[in-house]
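Asker: Here's the letter readout for the chains.
Number of protein chains: 4
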Amino acid sequence: MIVILKKNAEPQQVRLFTDWLRSMGLETHLSVGENHTIVGLVGDTSRVDMESILALDIVEMVQRIQEPYKNANRKFHEEDTIITLPNGAKIGGGHFLVMAGPCSVENEEQIISVARSAKAAGANALRGGAFKPRTSPYAFQGLHEEGIRLLLRAREETGLPVVTEIMDAKHLPLFADIDVIQVGARNMQNFELLKELGKLRKPVLIKRGMANTLQELLMSAEYVMAGGNEQVILCERGIRTFETATRNTMDLSVIPVLHQLSHLPVVVDPSHATGRWELVAPMALGATACGADGLLIEVHNDPEHALCDGPQSLRPEKFAALMEKIRAIQPYADRSFSAAPAAAE
Amino acid sequence: MIVILKKNAEPQQVRLFTDWLRSMGLETHLSVGENHTIVGLVGDTSRVDMESILALDIVEMVQRIQEPYKNANRKFHEEDTIITLPNGAKIGGGHFLVMAGPCSVENEEQIISVARSAKAAGANALRGGAFKPRTSPYAFQGLHEEGIRLLLRAREETGLPVVTEIMDAKHLPLFADIDVIQVGARNMQNFELLKELGKLRKPVLIKRGMANTLQELLMSAEYVMAGGNEQVILCERGIRTFETATRNTMDLSVIPVLHQLSHLPVVVDPSHATGRWELVAPMALGATACGADGLLIEVHNDPEHALCDGPQSLRPEKFAALMEKIRAIQPYADRSFSAAPAAAE
Amino acid sequence: MIVILKKNAEPQQVRLFTDWLRSMGLETHLSVGENHTIVGLVGDTSRVDMESILALDIVEMVQRIQEPYKNANRKFHEEDTIITLPNGAKIGGGHFLVMAGPCSVENEEQIISVARSAKAAGANALRGGAFKPRTSPYAFQGLHEEGIRLLLRAREETGLPVVTEIMDAKHLPLFADIDVIQVGARNMQNFELLKELGKLRKPVLIKRGMANTLQELLMSAEYVMAGGNEQVILCERGIRTFETATRNTMDLSVIPVLHQLSHLPVVVDPSHATGRWELVAPMALGATACGADGLLIEVHNDPEHALCDGPQSLRPEKFAALMEKIRAIQPYADRSFSAAPAAAE
Amino acid sequence: MIVILKKNAEPQQVRLFTDWLRSMGLETHLSVGENHTIVGLVGDTSRVDMESILALDIVEMVQRIQEPYKNANRKFHEEDTIITLPNGAKIGGGHFLVMAGPCSVENEEQIISVARSAKAAGANALRGGAFKPRTSPYAFQGLHEEGIRLLLRAREETGLPVVTEIMDAKHLPLFADIDVIQVGARNMQNFELLKELGKLRKPVLIKRGMANTLQELLMSAEYVMAGGNEQVILCERGIRTFETATRNTMDLSVIPVLHQLSHLPVVVDPSHATGRWELVAPMALGATACGADGLLIEVHNDPEHALCDGPQSLRPEKFAALMEKIRAIQPYADRSFSAAPAAAE
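Chains as they are written, first to last, in our numbering: chain A, 1 to 345; chain B, 1 to 345; chain C, 1 to 345; chain D, 1 to 345.
Excised from the complex, chain A in its bound form (with noise of 0.2 Å):
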């Protein structure tokens, strides 16, 4: 970290600073230049507030050099992090995930005839939602208890592991069977939730919240593997802006730059991203082409009647189509930062 302190920072005042400094266990290096005097901090910067130094008098400007997260560091962690499902699937380090399932469960044949394609068409796991988050208190809300249990029954049906959101942590009990907890977008610093979810040990896929930074999610991240959960999975789901033709704008150019950033794996849902079904197969193509890890999409066997989401889902042989138009682009995919190359699939 570089502190700039103004022109005006009297000796003493600085002395006391970095005092201060030495005394939370940093170095620190002085600069004195004409205009400005610079002090560089070195040691674990991770803890400094940069707010608390900006409040300083003297102080003009902060700058950190070294990212505030580390377990998600790819710095200090350069390969790829490589999860594995109870079903041998695997996602990272060139292994591609497909998630496949509806946007809600609503009852069993529905949820056991989607898994079923999903699974025919090449999807090695399923994604279906027992806790919806909805903006209006009026509209459905899923089906809880009853939705996990099918998530469960589907699972024995097809041996595809389960994918589900969570939207409270006193509902983790309910959780214990399921193969990877998704927290979605607006929970992705509900830090009460991310604390809990650290202490098991069991992926955790994370979404980007509508206006958060890469460096949120990474440190959203952060907050699941500091406590030792280090299954972690970044989702790219889209971010508002002023652009109103789709539901949200999604922003690929994050698929590589966390995989510059990061060694955890990293995956796409371009249902909720566009909202629109005839949208999801070209940004699941341009996804895979990026170097996206893997994919969440939503897959209904009859959109008419969803009782949600309808218009962003899939019939299972369009996703069919989608699928083999993933497995020839999957192995001319962008690798750039990656160490290991694609695995054969």
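Since the hints were derived computationally from the structure, they do not count as laboratory data.
A hint or two may mislead.
When chains are identical, the list treats them as one kind, so a pair holds in a single copy or across two.
With a cut-off of at most 20 Å between alpha-carbon atoms, the simulated PhoX-like pairs for lysine-lysine come out as follows [to be verified]:
1. Lys70 <-> Lys7
2. Lys195 <-> Lys75
3. Lys195 <-> Lys170
4. Lys6 <-> Lys70
5. Lys7 <-> Lys202
6. Lys195 <-> Lys70
7. Lys75 <-> Lys90
8. Lys75 <-> Lys7
9. Lys199 <-> Lys170
10. Lys6 <-> Lys75
Position chains B, C and D against the provided structure of chain A, taking the given hints into account.
Answerer: Just chains B, C and D, lined up with the frame of chain A:
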């Protein structure tokens, strides 16, 4: 709600569609044009999911006419909501409430001294953080239970009602004696928390999320009000945009817009919105002139040593000077959308 | 266009309103409901100003059904527009055009060597800046007339058609021999310039502004096409959002969305969008898979000494490796919204 | 400017780098740390292109310390700039200027009647559009030359100086008698136009672009001032964000921030920013309290028949009532960053 059907919609599909709508208790009015058929829906459309309708092949466009919120809607509740705190201080309907205090409660001496100077300057409520949402798992997260205890001590000393933030419903028992419970921007769509707060019968202050629309803010208020708790205060604290000169972009136009849409009181937090103490006074004056019903202002007895957010805290003397200007401007503040005239303070 | 009138609209006001609309050559269809009266307008509404209608006291809401652009609209022109350059290279309808070259033309040796290596790697057009829009009046602004001359020299040497940016209509005479005239993001709504370009009969490449919607981009294309020049290429180069990890946020979903709305070719500029050379390859591959009709890529023989934008330029060898992957992915690229199949390259 | 070099930077590369910097007339100060080498640059860095430096393999980060603008910078010009118009009206340094009038000049009767009522209510300048930037090529684009003539007629009648927008440098001859030339948001970075305006010696009002930072706005002012024209007025008219409740998001915090960074007068245009007449009064009061040096307000004698932007125009009687409140608030407005005290109006 208006649904525009595609040119090629089969009469039979249209009949199936209107039957389905009637099955939800809605009346439908058809108007068949050359290029489009328009279906007008009459009745309670707040339960209708626009997206499910958009999913239908015959539908080209859906447009809401009625707002999806009811309890928070001025159309159904013309009079301004006025909330009275234990010390008799009121907010709404021309009553102006100033909530001042430190970002974080640090120790008894600090919180009591700040509370005393805030009260002396004319603040009628004390704000202070016991639970702090922090981006980094390594940063100071507040004194928690002890912080709550110290806030209540400061209330004993000064008689000022206390406003503080909750981060998880499981902490509710600790908030039993708190006068106003604050929901932070990151939790604005923590729907499980909002539902719990709806069961209470005490004021809830909801901060707008960094990327949430005013309609979403009102829907979050609706979550609380749908539970029977009608004492909701709306708070603008800045949204996230491309501009980096301030921490967030403070959107003061939300004050008149929210007053037009809703009867709930609207307050502004210039300290967190700008992140810079020297901008707090100008923005507080601007918010007052725009017709805000109150302000959340950070006051600190010693910003240099604040454990967090020092840069945005005012010293007591600056706060006192600001209060004088606020009192001078308040009588001329905008009241365009309010039934009642400005109350004499 | 649909106009929703307020509940209390006087029949006489409504008649005055519909008379006024008919005076503009529009048919009106009334549908009177309990809470609202809906007026449907049939005819050419592209000249109707929604805001003037919104200004009327009796109007609650106005909703367009037809897009305000006609020449650029796929509804009125199903086939993909295919543009052919002097060297026979085509773009659109499955033809893929790669425009490569340096950010700025610096000298004859530089532009010719880059042109040669770009062509050798498979680029079919040369891009290079002679007029550079720079935020600072003190920064290098390009070689101007001399830069144009050097681009034409490079064309002589390589046969590659030349793409370069115009900043002011008064420079048009200098562009007489240029093959594709580029309108930069900052000039996307320089309407006087667009009108002048509409008088030409040569390809115009319009970059989307940093804060412009896709509809606004199509309206700018409409300015050129309304003048009779139908050779317009649309270009995504990133929009401005809160995220600072990349210079701009590259929105690849615009590729399928624009293909759905318009028949015009869509290209992407990953170099300017990301501002970082190491992100150019992954984003170029992503854009290709999403179905882009072409790419603008910065290639430089010596980034270290570039006078501007060095950080986003690829060295020739990296560009050549990228071209191979692009050729491998292109056959599997999305073509959902296109009539023609992908052309054999 | 501070440059942070990578850990592995070769001493020889570092020497080459510092030699290059010195060749640009900059002094360099090295500070070698364990993990990084920091190079501090002293001298005029406004010509240094940060991006070229970032392009160097040995560079990890570049951080500006000095602002890239000089003429507009308060650090080099402490006193507020005060601009005096032909009728003696002043703006800046505590002088408040209200520019009122219709969006578009339509005919002699209209412009003169609006000018008279604006003057009667206390406006000290007349605004009106002769050249209108319109998103659609099919929309009314203003009366052009005739509009300018009518504005000058209204000046004859009322003595009010005239403010109107220019869209292209080629129209400058028509603006010879105009008192204040306005550069619209879409042209804020039309650098060719800004250079031409720098050759004049009359006030130029520059509106902030919808996606431009304050630094970019100041750099555009720098373009004009670098030409020798120091009479620049900065104008906030809202930025584009995800919020759709208002046409744009009006960022009033730019008023104090710009006053801190620059000595130039800052005005606000609440009419275009909000796009809704009923929000003009509250936002005009807010801007006044925040310390704006003036306002641009749309006043119309008959919004219903305005050819454009009717929804954001105030009727004369509402404008007169607003002016009274503005006069009441102005003495208490924020003046934190200004040398001079508020002038008696």
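Asker: Now tell me if each hint is right for this structure.
Answerer: Okay, the hints, checked on the actual structure:
With identical chains, the CA atoms of Lys70 and Lys7 are at most 20 Å apart between copies only, with a shortest distance of 18 Å across copies and 34 Å within one. With identical chains, the CA atoms of Lys195 and Lys75 are never at most 20 Å apart, being 24 Å at best within one copy and 42 Å at best between copies. For the homomeric pair Lys195 and Lys170, the shortest alpha-carbon distances inside one copy (13 Å) and between copies (14 Å) are both at most 20 Å. For a Cα distance limit of 20 Å, the shortest separation of Lys6 from Lys70 across copies, 19 Å, qualifies, whereas the shortest one inside one copy, 31 Å, does not.
Neither within a single protomer nor between protomers do Lys7 and Lys202 lie at most 20 Å apart by alpha-carbon distance, with minima of 52 Å and 36 Å respectively. For the homomeric pair Lys195 and Lys70, the shortest alpha-carbon distance inside one copy (16 Å) is at most 20 Å, but the shortest distance between copies (36 Å) is not. Taking identical chains as interchangeable, the C-alpha atoms of Lys75 and Lys90 are never at most 20 Å apart, the minima being 23 Å within one chain and 45 Å between chains. Taking the shortest alpha-carbon separations for Lys75 and Lys7, only the inter-copy value of 13 Å comes in at or below 20 Å, while the best intra-copy value is 35 Å.
Both within a single protomer and between protomers do Lys199 and Lys170 lie at most 20 Å apart by alpha-carbon distance, with minima of 14 Å and 17 Å respectively. Taking identical chains as interchangeable, the C-alpha atoms of Lys6 and Lys75 lie at most 20 Å apart only when they sit on different chains, with a minimum of 13 Å there against 33 Å within one chain.
Violated hints for the displayed structure, listed by number in ascending order: 2, 5, 7.
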